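Colleague: These are the residues of each chain, in order.
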Amino acid sequence: MTTETVLSGAAGGLESALPTTLFRFATAGSVDDGKSTLVGRLLHDSKAILADTLDAVARTSADRGFGGEKGGIDLALLTDGLRAEREQGITIDVAYRYFATDRRSFILADCPGHVQYTKNTVTGASTADAVVVLIDARKGVLEQTRRHLSVLQLLRVAHVIVAVNKIDLVDFSESVFRDIEADVQQVGRELGLGSDGISDLLVIPVSALDGDNVVERSERTPWYTGPALLEVLETLPAADELESHLESFRFPVQLVVRPQGALAPDAVAAGLDVEAYRDYRAYAGQITEGSVKVGDQVSVLTPGQAPRTTTVVGIDFAGKSLEEAAAPQSVAVRLADEFDVARGDTIAAAGTVREATADLYAALCWLSPKPLREGQKVLVKHGTRTVQALVRSVSGKLDLASFKLEGASSLELNDIGHAQLRLAAPLPLENYLHHRRTGAFLVIDPLDGNTLAAGLVKDHPGDHEDERYSI
Amino acid sequence: MSTSLTEETTQVTDSAVSTRLSSLDTLESEAIHIIREVVAEFEKPALLFSGGKDSVVMLHLATKAFWPGKVPFPVLHVDTGHNFPEVIDFRDRTVERLGLKLVVGSVQEFIDRGELAERADGTRNPLQTVPLLDAIQQNKFDAVFGGGRRDEDKARAKERILSLRDEFGQWDPRNQRPELWNLYNGRHTVGQHVRAFPISNWTELDIWRYIERENIELPGLYYAHEREVFARDGMWRAVGEVSQPREGEDVITKTVRYRTVGDMSCTGAVESNAFTVADVVVEVAASTLTERGATRADDRISEAAMEDRKKDGYF
Chain A
1 MTTETVLSGA AGGLESALPT TLFRFATAGS VDDGKSTLVG RLLHDSKAIL ADTLDAVART
61 SADRGFGGEK GGIDLALLTD GLRAEREQGI TIDVAYRYFA TDRRSFILAD CPGHVQYTKN
121 TVTGASTADA VVVLIDARKG VLEQTRRHLS VLQLLRVAHV IVAVNKIDLV DFSESVFRDI
181 EADVQQVGRE LGLGSDGISD LLVIPVSALD GDNVVERSER TPWYTGPALL EVLETLPAAD
241 ELESHLESFR FPVQLVVRPQ GALAPDAVAA GLDVEAYRDY RAYAGQITEG SVKVGDQVSV
301 LTPGQAPRTT TVVGIDFAGK SLEEAAAPQS VAVRLADEFD VARGDTIAAA GTVREATADL
361 YAALCWLSPK PLREGQKVLV KHGTRTVQAL VRSVSGKLDL ASFKLEGASS LELNDIGHAQ
421 LRLAAPLPLE NYLHHRRTGA FLVIDPLDGN TLAAGLVKDH PGDHEDERYS I
Chain B
472 MSTSLTEETT QVTDSAVSTR LSSLDTLESE AIHIIREVVA EFEKPALLFS GGKDSVVMLH
532 LATKAFWPGK VPFPVLHVDT GHNFPEVIDF RDRTVERLGL KLVVGSVQEF IDRGELAERA
592 DGTRNPLQTV PLLDAIQQNK FDAVFGGGRR DEDKARAKER ILSLRDEFGQ WDPRNQRPEL
652 WNLYNGRHTV GQHVRAFPIS NWTELDIWRY IERENIELPG LYYAHEREVF ARDGMWRAVG
712 EVSQPREGED VITKTVRYRT VGDMSCTGAV ESNAFTVADV VVEVAASTLT ERGATRADDR
772 ISEAAMEDRK KDGYF
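Taken in sequence, the protein lines are chains A and B. Here the first sequence is numbered in this note's numbering, starting from 1 and rising by one per residue. Here the second sequence is numbered in this note's numbering, starting from 472 and rising by one per residue.
Treat each hint with caution, since some may be false.
What the hints assert, rightly or not - Looking from chain B toward chain A, a few residues come up when the C-beta cut is under 8 Å (computed): (1) THR497; (2) ALA511; (3) LYS515; (4) GLN579; (5) GLU754; (6) SER758.
Claimed, not checked - Restraint-style ranges between C-beta atoms, simulated for each label pair: (7) VAL661/B - GLU355/A: 34 to 44 Å; (8) VAL661/B - GLY226/A: 11 to 21 Å; (9) ASN744/B - LEU447/A: 52 to 62 Å; (10) PRO446/A - ASN646/B: 41 to 51 Å; (11) PRO543/B - GLU241/A: 31 to 41 Å; (12) GLY705/B - GLU190/A: 19 to 29 Å; (13) ARG217/A - VAL661/B: 54 to 64 Å; (14) LYS377/A - PRO543/B: 44 to 54 Å; (15) SER577/B - GLY351/A: 56 to 66 Å; (16) ALA276/A - GLY570/B: 13 to 23 Å; (17) GLU514/B - LEU447/A: 19 to 29 Å; (18) GLY226/A - GLU697/B: 49 to 59 Å; (19) PRO446/A - PRO556/B: 46 to 56 Å.
Because the hints were derived from the structure by calculation, they are not lab data. Treat the numbers as computed from the prediction; the structure is a model and nothing was measured. Beta carbons: idealized from backbone N, C-alpha and C, even for Gly.
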C-alpha cells in the first residue's frame, strides 16, 4: 500500500517534469455560435491571459455596457482583432493564439466563420492536429456544419471535436444534446469520418459563456460523462504520433549543405576539425513522414530520372550526429554515394515510392476570387519544387451540403472541385489520403504569385480510386 | 570522411522515434525549415538583428540550419542612435564571432539629412521604418527575416510566416495569402519583398526556455543589475545620454532588468531579482503582465499602435 503510494507520487512528479509537447488545433464556426467566447474562455480559464490584457478587456466591456446578470467581462473581446475588423464588425483572417498547460503547449488557429469560411477553414485545418467545430445548441446541425465537416474530412484532420455550445440556453437538456449528437454522427457516417481510425469525431456539450465542460467538467450536465474540451485537447494523440507507425520515410531536399571551406567561424573556434569537413556534403530538409536510421537503404527521386538507391551514412544536426530521426525533425542527411542531389529531389525509404508523374489528378480547394478555368496556365508548388502546369479539365464541383459531385467547368472562391492538370515536369506525387505532406500542393498564379488553391493529390483514374475521395 | 565524423560524435539520441519531440524541438525544427526555405528560394535575404533576445534566438537557429557552414546572409540593424551601448557592443561581437556582414541603417543620418523629423515625445522607435525600407531597397534584399512573434500583439497574431510587402513596404492584412501545410509561397514581383518570421509560433516563455537550454548569450541588461532609473509613464526608465529625467522625476538606483530591448528612450525596465537565465524563466512563467504592455511606451500610444506601424512597413 505504502509502496504504491510512493511510486505513484514519484511517477506523478516525473510526469510533470517531462517537457511539454506541441498540439495544434483550429476552431471553426461563426460569431453567432459563440466561437470568440469559447476561444476567450479557453484562454482565460487556462490562465493564458495576463493582467494588463484582462484590464483592457474589462474596461472595454464596461464601456460597451457588457455584463448584465453575469457582471463580468466580454470574453469575446479577448480575441478582438485589428482595427479594420472592429470598424467593420467582421473577422478578416485566421488569428493564431497560444496557451499552455502542464502537459502541452497549444497553437490555436482561430478561423473566422462568416467570410470566406472555406478558405479559412482549409488554412487552419491544413496544419491542425484537431479542429473544434461549434454548433449552437438552439439551432443544431446547419448547412455550415455540414460544410465544415466535409472540408475537414477532405483534409484528413485527425480529430474533429464538435462543441455543442450554449447548452445553458436549452436548460442543459440531455435530449436536445442527444438529438444533435445523433445528427452529427449521421453526417460523420455519410462522410466516412472515423471509419478508418484516422479521423475521429467527438461531441461535447458546452457553455462557453459560463465555462461548462470547457476547462472543467460541469455539474450542470450530469448526463454527460465524457471529458471537458481542454481534457480532450490535452490527451488526443497528435497527427505525428498517429502517423509514426508509418514506415514511409519522406524527406524533400531543401538545400545542399556544402561549405567548401567556408566553415562557420564559431564552430571552428569550438574545435571543429577543419580537415574532416573540407569535403562535407549533406542534404538539408525536414522529415515529412516516417523515420530514418543510419544504415537505411533509401531512394533518391530526381524527377525525370529513375530512382537511385543508396545508403544513409550520417544524420547530422548542428554538430550532433544522430542515429535516427523522425518527422517533423529538420536534419541534414549524408549518403554513401556521391550522387548529384539537389533541391527539389526527394529522399525516401527504398522501394516505397512510385515513379514521378506529370499527370496530376486532384481535389482543389479554390481560395482566390479569380476563378479557375480549363486551359489556364498555373504553377504547382509541391514539396520543394515548383513547376508550370496546364489545367486540362475540371471534372466537377462538390456540393458540400449533399456531398455530391456536380458537373462544373470552372471553380470559384470557396468551391471544392476535381481537376486534371498536366505538369511541365514530373513530380513525385502521392495520394493525399495516405500522405498528408507529399500529397499536398499549392496552385499559384504565375502573374502575381498569389496562392489560388490548396491541392490534394488523388489517385489516377484507373488506379484503385478510394471511395472517400469521391465526396 | 564518414569515419572521422562519427568519431566526432558529441551526442547520440537514442529513441527519437518512440517519443514525441518536445514543443521546443518542434518549434526549432519548424523555424529551421522556414529559414532554409527562404535561403533556397530567394536571391538576397538578410536577417534583422538588433541584439534583442528574439533576433539572437533567430540568428542562433540560422547557425544550426547551415552547420557546419557559415550563415549565408548578412544581418541588418536599424540603429536609432538611442540604443543601449552594451547592446551595440553585443551586436558587434556577435557579428564578428559568426563572421557575418553587418548592414546598418541609421535613423540619425536620416534626421541629420532632414529626411526624418524627431518626434515630440522623443521616441525614435516609429522612425525606424524609413531607414529600414531604404536599406532593403539599397541592398536589394528580397527577403528579410524578422523576429516577430504572434503572441506579442493582436496585429502580429494575424501575420503570416512569409508576409508579402508591396513597393512601399506596406502590409495589407486584408489581402494575405493563405498559408497551407508547410508550403510557403514567397513569390513576389520586382520591388516587392517578403518578410519571413521563423519564430512566429514561439511565445516569450519558449524563447527563454530555449535560451536556457541552448546556453545562448544575451546582452547583460536582460538580467537583473543595478541601474540609475527614474519613473515615467508607470515604467522605470534608464538614465542615459538620450534619456534624461525631467523636473520632478527623481533618479534612484534600483535592481532591474529589461524584458524587451528597444530604444533607451521608449523601453522601460522592470524591477527584478532574476540574475540568471533560470531565474528569468521562472519570472516570465509567473508574470502577470505581457512583455510589451510592461515595457514599451511605443505600444501604449494607441490600441492599434502596432497595426499602424506594421501597415507602414515596420518590422
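Colleague: Look at each hint and say if it fits the structure.
Modeller: We went through each hint and held it up to the structure:
For THR497/B, the interface hint holds, the least distance from its beta-carbon to any beta-carbon of chain A being 4 Å, beneath 8 Å. At a threshold of 8 Å, the smallest CB-CB gap from ALA511/B to chain A is about 5 Å, leaving the interface hint in force. Given the 8 Å rule on beta carbons, the hint for LYS515/B is violated: about 16 Å separates it from the nearest Cβ of chain A. Hint on GLN579/B is violated. Least Cβ distance to chain A is approximately 30 Å, over the 8 Å limit.
Annotation: GLU754/B was flagged as interfacial toward chain A, and the flag is violated, the nearest CB pair being 13 Å apart, outside 8 Å. A hinted interface residue such as SER758/B counts as satisfied when its beta carbon comes closer than 8 Å to some beta carbon of chain A; here the least separation is about 7 Å, so the hint holds. Between VAL661/B and GLU355/A the CB atoms are about 38 Å apart, so this pair conforms to the stated range of 34 to 44 Å. Between VAL661/B and GLY226/A the beta carbon distance is about 56 Å. The supplied range of 11 to 21 Å is therefore violated.
For ASN744/B paired with LEU447/A, a C-beta distance near 58 Å keeps the hint of 52 to 62 Å intact. As the Cβ distance of PRO446/A to ASN646/B is approximately 18 Å, the hint placing it in 41 to 51 Å is violated. Between PRO543/B and GLU241/A the Cβ separation comes to about 34 Å, which falls inside the hinted range of 31 to 41 Å. The supplied range of 19 to 29 Å is broken by GLY705/B and GLU190/A, whose beta-carbon atoms lie about 58 Å from each other.
Range check, ARG217/A to VAL661/B: Cβ separation about 58 Å, and the 54 to 64 Å hint holds. Judged by the Cβ atoms, the range 44 to 54 Å given for LYS377/A and PRO543/B is violated: they are separated by roughly 33 Å. For SER577/B and GLY351/A, the Cβ-Cβ distance of about 58 Å falls inside the hinted range of 56 to 66 Å, so the restraint holds. Our hint of 13 to 23 Å for ALA276/A and GLY570/B holds, since their Cβ atoms are close to 20 Å apart.
GLU514/B and LEU447/A have their C-beta atoms about 20 Å apart, which keeps the hinted 19 to 29 Å range intact. In this structure, GLY226/A and GLU697/B meet the distance hint of 49 to 59 Å, their C-beta atoms being roughly 55 Å apart. Range check, PRO446/A to PRO556/B: Cβ separation about 50 Å, and the 46 to 56 Å hint holds.
Of the numbered hints stated above, those contradicted by the structure are hints 3, 4, 5, 8, 10, 12 and 14, listed in ascending order.
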